[in-house]
Amino acid sequence: MKKYNVVGHSVRRLDAAEKATGTAMFSTDFTLPGMLYGKVLRSPYAHAKIVNIDTTEAEKLPGVKAVTTYRNTPREIFNTSATMTFTVPALKPVLDQYIFDNVVRYVGDEVAAVAAVSEEIAEEALQLIKVEYEELPTVFDPLEAMKPEAPVIHADCGEGKNIPGEIIKIPVGDLKKGFEECDVIIEKRFLLPIVKQVQMETQAAVAQVGVDGKITVWSTTQTPHPTRMIIAKIFGVPNSKIRVLNPPYVGGGFGVRIGLSAKAEPIAVALAMQAGKPVKIVYSRKEDFIASDTRHGGYVTVKLGAKKDGTFHALDLRAALNGGAYCSFSTETPGVLGAMGLSVYRIPNQSYFGHSVYTNTTPAGAMRGFGNPQAMFPIESVVDMLAEELGMDPLELRLKNIMKVGDPWCLPYPCNSTGLAECIEKGAKSIGWERRGRLNQPGAKKLRGIGVGVGTHCSNSWPFCVDYDNAIVTVQQDGSIHLASGVPDIGTGTSTALPQLAAEVLGVKLEEVSLTFGDTLSTPFDIGSHASRTCYAAGTAVVAAAKDARKQLLEYAGDFLKVSPERLEIKDSLIYITGQELVGDCAGTGVCQSGEERKSVTLQELAYHAHLRNKQFIGVGRIVPENAPPWHAHFAEVEVDTETGQVKVIKVVAAHDVGKAINPIIVEGQIEGGVLQGVGYAVTEEIRYDAKGRQLHNSLHKYMLLTAEDVPEIEAILIEANEPSGPFGAKGVGEAGLVPTAGAISNAVYNATGLRFYDIPLTEEKVFKALKGDGPATY
Amino acid sequence: MSAKILTFTLNGETTKVMVEPSDMLVDVLRDKLNLIGVKKGCGQGECGACTVIMNGEAVTSCIVPAMKAEGAVVETVEGIGGPGKYHPLQESFMDLGAIQCGFCTPGMIMSAKALLDQNEQPTREEIREAISGNICRCTGYVKIEEAVSAAAKQIKEGK
Ligand code: FES
Ligand code: FES
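Chains as they are written, first to last, in this note's numbering: chain H, 1 to 779; chain G, 780 to 938.
Hints are computed from structural coordinates only; laboratory data are not their basis.
Owing to the predicted nature of the structure, the values given are computational and were not obtained by experimental measurement.
Treat the hints loosely; a few may be bogus.
When the alpha-carbon atoms are kept at most 35 Å apart in a straight line, the in silico DSBU-like pairs for lysine-lysine are as follows [said to hold, decoys possible]:
1) K783(G) <-> K286(H)
2) K130(H) <-> K161(H)
3) K286(H) <-> K935(G)
4) K509(H) <-> K551(H)
5) K60(H) <-> K783(G)
6) K864(G) <-> K3(H)
7) K571(H) <-> K847(G)
Chain G side only, calculated, beta carbon under 8 Å to chain H, not exhaustive [said to hold, decoys possible]:
8) G820
9) M873
10) Q879
11) G937
Even for Gly, the Cβ is constructed at its ideal location relative to N, Cα and C.
Please work from the sequences and hints to get the whole structure.
Below, the structure is given as structure tokens:
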């Protein structure tokens, strides 16, 4: 494998020092002179009409500077998610939200907001707002919400009662005939839970509106450029008069702020406009839970058929997801569920039919994996059931059917690379797959089991969504490099990996490169950080920009050194003629005489030489990324306590084909973090609602996050099946760690206990009940 | 009760600041003393982001009334090291990939420091217990645990 100077090395993150010393600035830390504090009044009802709203008392409270409701804010319809800026025609984005409306559709929906000189006064003012509600009928289950008698949550639903946007249908081959030709068919319906991103920094925004009408918003968004477009639409202000930026750090994302940070940005802007002062809004943890997007729960049905020899022949996948009260990403998420679910195995006859359904719960939107975990827990469960039915080893069955390079599939881009077979082989070896079936002594109270789950994902969202990147590389007058890219760093290491790519292409040390990112004013348009795309797609633009700058440098250096540019190479900021002895060359010594014959020149000398002749090297990268599938196989070993029902995950081996790890320690960290979120998805995490539509798990204490004491042994294995379309062979990795984990764990629980669960999380209570005779619930 | 001047030792310096009875230590540190390294992730003692060391113990400063800090010795991440003289925990967090979004990092480092100040050779279980009140949603804790044990070794060898 080719060795690089900067790429492929686990260099220290460029943001590490700021973050380790407490000097890193996040939106929640940001302040401005004269800044006010905004607070939001939220609906206590799951569905109601606002009959009257009286803000006079609140306005009179000393220290209150602005009060906003549906009456004095723009009546401009939007979607808090970035989907409204990147849905590809002929599909139309679903727009169904206002900053405030006169109907509230879930507990936590925005009713009014106040800006005051302190948070306490703002809170006090909220209590003084009098709202008269007329309660409306509610529905919380997606299947119920489709019934004719269900309340209408949003009226314009062309595809069926309470169904937002389009139903996604993906047909491949002849499904009916396919099933007729199968020897074994298994069909099961699964129930997926609603879970939350629980990024550590809650939603936050600081908005400033200048006397010239220009708007600046510092916020936690994962997509500053699309977010600017949304704000422009809401307030009827040109894009060019709005600046959206991260300050520059964001305390995690996991999808929750692709687009707006819930409604933090527009509410802060509306209040700032009215008050004439900057306004800061920071969601409380409870607000973050109840009033920012969750993952979609809902129902997923898998019908899988195979020939006697184990060849998969037909797959019917169906999904009805709980979209909550507003659309957000409710059309794209079922799309990815289907597209990914159909692309892991080579199956000639397939069909997907999926959509979301509006209910009176917190809106569901993007969360790491974006529909894919909802596909793969059911699919990988059914694959294991089929293996048992056929009397085959689950690994053998998978290896027989997994997608190979060049296989036809439903995705509109080719499968150029797959290291899945290698992932399966290496992962199996590491977990000790051969121990399976010999793990337990007769009569043991704690039963061990091993399970597997595999999958794929994407490396950006093209051609499903608008997806393009720009980057600019500017060689400074002293030969150092400035790089500008509009993507944020939400913790995934973008602000280190992108400079690594630029440094490698330009032949300079990493320290020579400095990056400006996550700011619409100082960077060209970039769609943002989502869909595991940042390193792959923004990285492709960075490589293109760096190559452009490099070409200009070498052309200029060719004239300077009087050789053809093709003969030049750059290393450690020194441009030299290849194949020539450099000893005795004056470059970099500062003692070159004019007229001396030169074999090399430093970037510093060259850039200054150019500067004195009115020239700067500026490289531009403008790309539309291709797309590429990352692959992964997870192996879980669990221990089930048959007396309590507790499922303890002992070890997870996560083998990932990442194409090429630009910074291996960062890649491992992405996988480990994704795995633990996947373990939580499988075993503990869930948001349930009471009969009135109130979340029962709306705090960190109630929402069962795993802590350091619960962490299983996690082993990340990196497979590098070079992806020709990616920068230095890389592909997406951010989301994949979460995708196959629940399937692997549920299969391990089956291996341990013989109990097949059709829903997660596998809580102590649920498993205990199943063990004590009720058996697992079916759906 | 009314506002009063709180006097305490903050990162080695005698500090005086006006506080209200309802003020929590986290808000005084962040808003009045501009120590933004003290993060706030929940305000309810449930995430650990606001962890500081008070009289040698790691505390979640969002549930400590500021007035309780009268006469106390308080350390925040800003006070434990910086360029040229990083604390071994800061070094190991930076080198071993224990930092992603960084929002949990200061609190995590302070919980770990409170442990290492008292226990030079913590076991894996003791490390896990010490940081069990600090939520990190990014890392899966794997590299954080490694970083804490590496720092412990470093400190011991440095002596
Ligand atoms: S902010 Fe103090 S524990 Fe979360
Ligand atoms: S690094 Fe993001 S929460 Fe720990």
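Okay, the hints, checked on the actual structure:
Restraint check for K783(G) and K286(H): the C-alpha separation of about 31 Å stays at or below 35 Å, so the hint holds. A hinted pair counts as satisfied when its Cα atoms are at most 35 Å apart, and K130(H) with K161(H) qualifies at roughly 33 Å. Distance restraint check for K286(H) and K935(G): the Cα-Cα separation of roughly 42 Å exceeds the 35 Å cut-off, and the hinted pair is therefore not satisfied. Of the pairs offered as hints, the one joining K509(H) and K551(H) holds, with about 18 Å between alpha carbons and a cut-off of 35 Å not exceeded.
This hinted pair checks out: K60(H) and K783(G) have alpha carbons roughly 29 Å apart, not beyond 35 Å. Restraint check for K864(G) and K3(H): the C-alpha separation of about 33 Å stays at or below 35 Å, so the hint holds. At roughly 58 Å between alpha-carbon atoms, K571(H) and K847(G) are farther apart than 35 Å, so this suggested pair is violated. The beta carbon of G820(G) is positioned within 8 Å of a beta carbon in chain H (closest approach about 5 Å), and the interface hint is therefore held.
Evaluation of the M873(G) hint against chain H yields a held restraint, the C-beta minimum of about 4 Å falling below 8 Å. With a cut of 8 Å, the hint placing Q879(G) at the interface with chain H holds, because the nearest CB-to-CB distance is about 4 Å. Look at G937(G): its Cβ only gets to about 18 Å from chain H, farther than 8 Å, so that hint breaks.
Checked against the numbered hints given earlier, the structure breaks hints 3, 7 and 11 and satisfies all the rest.
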